[in-house]
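In case you want the letters, here they are:
There are 2 protein chains.
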Amino acid sequence: MSTNRNLTRTYGHVEPEQRHALLGQRGAVVWLTGLSGSGKSTIAYALERALVSDRHIAYVLDGDNVRHGLNADLGFSPEDRDENIRRVGEAAALFAKAGVIAIASFISPYRAARDRARACVGADRFIEVFLDVSVDVCERRDPKGLYAKARAGEIKQFTGVSAPYERPDAAQVTLDTDKLDVDACVAAIVAYLNDQGSLQGPKA
Amino acid sequence: MSTNRNLTRTYGHVEPEQRHALLGQRGAVVWLTGLSGSGKSTIAYALERALVSDRHIAYVLDGDNVRHGLNADLGFSPEDRDENIRRVGEAAALFAKAGVIAIASFISPYRAARDRARACVGADRFIEVFLDVSVDVCERRDPKGLYAKARAGEIKQFTGVSAPYERPDAAQVTLDTDKLDVDACVAAIVAYLNDQGSLQGPKA
Numbered sequence: 002m003s004t005n006r007n008l009t010r011t012y013g014h015v016e017p018e019q020r021h022a023l024l025g026q027r028g029a030v031v032w033l034t035g036l037s038g039s040g041k042s043t044i045a046y047a048l049e050r051a052l053v054s055d056r057h058i059a060y061v062l063d064g065d066n067v068r069h070g071l072n073a074d075l076g077f078s079p080e081d082r083d084e085n086i087r088r089v090g091e092a093a094a095l096f097a098k099a100g101v102i103a104i105a106s107f108i109s110p111y112r113a114a115r116d117r118a119r120a121c122v123g124a125d126r127f128i129e130v131f132l133d134v135s136v137d138v139c140e141r142r143d144p145k146g147l148y149a150k151a152r153a154g155e156i157k158q159f160t161g162v163s164a165p166y167e168r169p170d171a172a173q174v175t176l177d178t179d180k181l182d183v184d185a186c187v188a189a190i191v192a193y194l195n196d197q198g199s200l201q202g203p204k205a
Numbered sequence: 002m003s004t005n006r007n008l009t010r011t012y013g014h015v016e017p018e019q020r021h022a023l024l025g026q027r028g029a030v031v032w033l034t035g036l037s038g039s040g041k042s043t044i045a046y047a048l049e050r051a052l053v054s055d056r057h058i059a060y061v062l063d064g065d066n067v068r069h070g071l072n073a074d075l076g077f078s079p080e081d082r083d084e085n086i087r088r089v090g091e092a093a094a095l096f097a098k099a100g101v102i103a104i105a106s107f108i109s110p111y112r113a114a115r116d117r118a119r120a121c122v123g124a125d126r127f128i129e130v131f132l133d134v135s136v137d138v139c140e141r142r143d144p145k146g147l148y149a150k151a152r153a154g155e156i157k158q159f160t161g162v163s164a165p166y167e168r169p170d171a172a173q174v175t176l177d178t179d180k181l182d183v184d185a186c187v188a189a190i191v192a193y194l195n196d197q198g199s200l201q202g203p204k205a
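Line by line, the protein sequences give chains A and B. Residue numbers for the first sequence follow the working numbering, so the first one is 2 and each next one is one higher. Residue numbers for the second sequence follow the working numbering, so the first one is 2 and each next one is one higher.
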């Protein structure tokens, strides 16, 4: 009798095009991949700062905020590392659907795992950014002292030392961080986002 | 020699206050809880539409987009249901940190699970919205025919029929969806978000 019929009325979801037009940006995932020490975190946070300063909505997903929260139940076995990257891909896909530029910063050494993230986000919104720099250079930087520990056998299965890194076949952006400074790397990624229309409203 | 020192320079994260000022909104989580048929999905999508139409960035997390992606590995055992809600709370917290109004729409019948989500998001950004309507009313609506199946024993552990629903002690917003129409429910939530300053830039 008092049943509120209005409540069963179907309210449509916000269409991606409407979201794009209203926010003036299109959700995307910038997926930074590369060895430890290749510059992922530095570039991720510099890119976030550049985008947010320009009133875009962008957010870094990295080990710091994911491993302590969403993926706090996971360890470092091969299965758990795989699940870690799977969930990051799914979370990044949700961010992109919401209209956010998600910036994922993970070594993500396996091509299959990166390709799964791409498939889950949608290839047109997934920008794989390969920080292409040699193990030698990363090891010389060794900002966290991890290469030293890996060489001493204190860390097992360390990418580039005792575990493989599978180079991307066809990254959208490849950056040699031994030659380019941070601002140049950020500028290259922003240029890509601009070219593909992620930072503007839809064309009239 | 050619090591790029700039790359090890520390780039600070975007501070929450900067993000708030630049986006003109403050991230928050609207957590809709209530029985099946209480109106969660309808209100969630109507709220999302209202916020996005007003150029706010908001996004619904619900069974539809989470169970098929981020939580696709989970089933319906008590442990998996618990993990489902845990991950949603963590994902919603990431959205809120990014500056988004995340709208979580889950029965979430257990107080402890909702409280854990609140703790993970931060109490000042977590708005628990209780759709307070009786099992009788929900069962009369039964938009998906689930109560009929539960009564017939085809669905086990159905909240409100054969499994408990723990009412919130102190929800931020309580709505009787048998008396209020959808627009009134959305208006009440928007008013709450406005009052707590989530929809404006920071005060000067």
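If you are wondering where the hints come from, they were derived from the structure by calculation, not from laboratory data. Hints may contain errors.
If several chains are the same, the list does not tell them apart, and a pair holds so long as it fits within one copy or across any two.
When the alpha-carbon atoms are kept at most 20 Å apart in a straight line, the in silico EDC-like pairs for lysine to aspartate or glutamate are as follows [stated by the list, open to error]:
1. K145 <-> E155
2. K98 <-> D65
3. K98 <-> D125
4. K180 <-> D65
5. K98 <-> D63
6. K98 <-> D182
7. K98 <-> D179
8. K145 <-> E167
9. K145 <-> D74
Note that the structure is a prediction, hence the values are computed from the model and not measured.
Tested hints:
1. K145 <-> E155: Answer is within: at 14 Å inside a copy they meet the 20 Å cutoff, but 56 Å across does not.
2. K98 <-> D65: Intra 23 Å, inter 13 Å, cutoff 20 Å: inter-copy only.
3. K98 <-> D125: within (12 Å within a copy, 26 Å between copies)
4. K180 <-> D65: neither (27 Å within a copy, 45 Å between copies)
5. K98 <-> D63: both (19 Å within a copy, 13 Å between copies)
6. K98 <-> D182: Neither: 31 Å inside a copy, 28 Å across copies.
7. K98 <-> D179: neither (34 Å within a copy, 32 Å between copies)
8. K145 <-> E167: Neither. Shortest intra-copy (22 Å) and inter-copy (47 Å) distances fail the 20 Å Cα cut-off.
9. K145 <-> D74: neither (24 Å within a copy, 33 Å between copies)
Consistency note: the structure conflicts with the earlier hints numbered 4, 6, 7, 8, 9.
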